[in-house]
Amino acid sequence: MAITTTHQQDTALFVAAFFDEMVRWGVREVVVSPGSRSTALAMAAYELEQRRPCDLRVYVDIDERGAAFLGLGLAKVSGRPVALVCTSGTALANYYPAVIEAETSRVPLIVLSGDRPPQLQGLGAPQTTDQLKAYGSHVRSFRAMPTPRGRDRDIAFARQAAREAVLAALGPTATLAPYREPAPAKEGLRESAAVSTLEGADSAVAAASLGKHAAVSAGSGSAALPMDPAATVALPMDPAAAVAMPANSAIAGAPADAPARDAADDFAGAAAEEADSFQPVFFNEAGDIVNYNPNVQVASRACMHLAGPVHVNFPFDAPLKPDFAGADLQAMQRAARDCFALGARNASIAAKDGALLDLGPLVGPAGTLSQASVEAIERLLWKRPSLVFAGEGSCETVAEAEEILAWARKLSLPVLADPLSGLRSIDDPLIIDNYDNLCARADCPVPEVVIRFGRYPVSKSATALLERVRPVSLAVDVAETRDFNAATDVFVGTTPLGFVRSGWRAEGRKAQHRFADAWVALNDEARLRILAVEWDGVATHDSEAAEGAYVRSLLELAPEGSCLFSANSMSIRAVDTFYVKDGKPLAVMANRGQNGIDGVVSTAVGVAQHFAQTTFLTGDFTLLHDLSGLALQREMLLQRRGPAGTPSLVIVLLNNNGGAIFDMLPQASADPYFERLFLAPQDVRFTEAAAAFGIPSASVHTVGAFRSAYEQFLGTPGISLIEVALPLRGVRDRYAPYQR
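If you want our numbering, it's the 1-based position in the sequence shown plus 1466.
Incorrect hints may have been included.
Simulated crosslink set (DSBU-like; lysine-lysine; CA at most 30 Å straight-line) [to be verified]:
(1) K1849 x K1818
(2) K1976 x K2047
(3) K2050 x K1849
(4) K1599 x K1876
(5) K1849 x K1926
(6) K1818 x K1926
(7) K1976 x K1876
(8) K1926 x K2050
(9) K1876 x K1818
(10) K1599 x K1787
(11) K1926 x K2047
If you are wondering where the hints come from, they were derived from the structure by calculation, not from laboratory data. None of the values given here were measured: they were computed from a predicted structure.
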């Protein structure tokens, strides 16, 4: 006898299968913007989260532009695809800036848009536009879904479409571990959310500690969300060891709209006490004791591979609300546990002897070079002074950074380390952290060969050096040269890790040693100039200081294993200039795909969900452009993380009341047009804006006051803000003593 289903049951069966399959293939987070036509998608995400909170976490942001960047931040730090849900019409268009950023930064996003059915298209129906291939070539793939049906073949198609979306978002070189079925439901069809959340506590946040010498694994390893360890997705590292974090009991029981600052002192104090009492020991490959977990994340996990955004468009007809209870009954009639399990293929595959095979759905290539290729590159390097440009996408963890450095030591190669490369977490002479200054010097040692990992560095003087001397250039990347200077001579199609893990036999010769020593000597000299900003900050302890003094204080006080997220413009340049290697692991990230100011606050909030502590360094233009991102304070406080409490995000606002970066560009002028069109002061009272969103804040005018406020806000659940008042004009003069 044929099974009869209603329209609302069909809708529930179809979207439930799609979401369940996304989870099976690695999606752990969904960002929803409320809307009517996307009701089925939003409710499927919520329903799955309620039933299996260890598998999926849902965020809500009413601003689609900010929501897309929130998802971008979540995916940037985890390396996993994040799904975005929006309704029809202009909602989809508001995702556009984040989609373009995801494309150029290689961040996996899955856009799920609700749409009007075909019979309403092109007939003046409200909130209707042509959403087919709305993003053109900016997405890795597009799929127009059919109107939902509940037949077995339709369910199978929904699952296949979900698989294809995840694979396209991840790209061809990522690696997934197999999904394991969740434990049977404990309370009817619904598992207790409270029990599951505590049993599968978020290792990314629970593993963080604010102690200077505690091993911090926040955001590292493969599990970024509370989940069954067997369901881990490796992208591509092994899971990091967890470090216990005390519960923030005062916040855990507070209402959603409670002030974020109430329990900050208790939270930070408990964290410090925990750090003092719990000192895990880690060993490196040589057996030496080190004071950090080698899997601590030091850079984005979503830049090395060819990840990117995809778009799946769902037409829905009225009635829009899906019937999950009825769909469960329909699924059970077909021998499935519930509607989310209907049509799922067996994730556990056994060998002939009965042993379970550990097969993932996606296996990437090893990526190492043939011995012939290695020997050819070694011959190219022979008797030619050579160096490495390490940009964003070079590595993801301390262990990977050490691998790259070990290879560089073997060949005596100076490594010019961009702040987003992850390599400045290693304090080694060959890590050249002041390269921006050195590349502009007339006595800069000139390379004949440059090996580039990842994208070009932030520094313009570094790219200018390449244009000036035109060395032989090797671009190491999985798919593209990403060479806007048109200077690539050799393309090596692998990851930087695949490159350095190849069978290198040669070692640096005397001439290469001398070349490296020259870079090291100049770098050490430049470091003294950079560090002088700290003394200047002390000298002006009770008066105004340069931007660098505040940035150096931030870098000194930021906890090990925490994240520093930087805005673009002057913020990332301040990080590039004043972030001096000191052996402290920090995850440093930014939105450098388009170098814009769109949605950066929301991105920082997304990134912060995977760390116990995040610091967001920004200017006033960027903060103003995404001021609505501060409304995510409520969402952060709602996203409780089991015993770890709520993540902390400290926004450090360098407020010069305008576009001070233009004072360093050719547009700079004393004519009236310059202030009107470029400096454009806005006179915003940011601390009052913060108060409107329930965000604790402080306004400071000295380095001493900043240090005090920053230390006070560390560990504060949710968002807090420190505003640093700086002059609008004269930024070039303030930077001059520490450059060149």
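Hints, verified against the model:
1. K1849 x K1818: violated (56 Å)
2. K1976 x K2047: At roughly 26 Å apart (the allowed maximum being 30 Å), K2047 and K1976 satisfy the hint.
3. K2050 x K1849: violated (35 Å)
4. K1599 x K1876: violated (49 Å)
5. K1849 x K1926: holds (28 Å)
6. K1818 x K1926: Answer violated: K1818 to K1926 is near 59 Å, above 30 Å.
7. K1976 x K1876: holds (12 Å)
8. K1926 x K2050: holds (26 Å)
9. K1876 x K1818: violated (45 Å)
10. K1599 x K1787: holds (26 Å)
11. K1926 x K2047: holds (20 Å)
Of the numbered hints listed earlier, those contradicted by the structure are 1, 3, 4, 6 and 9.
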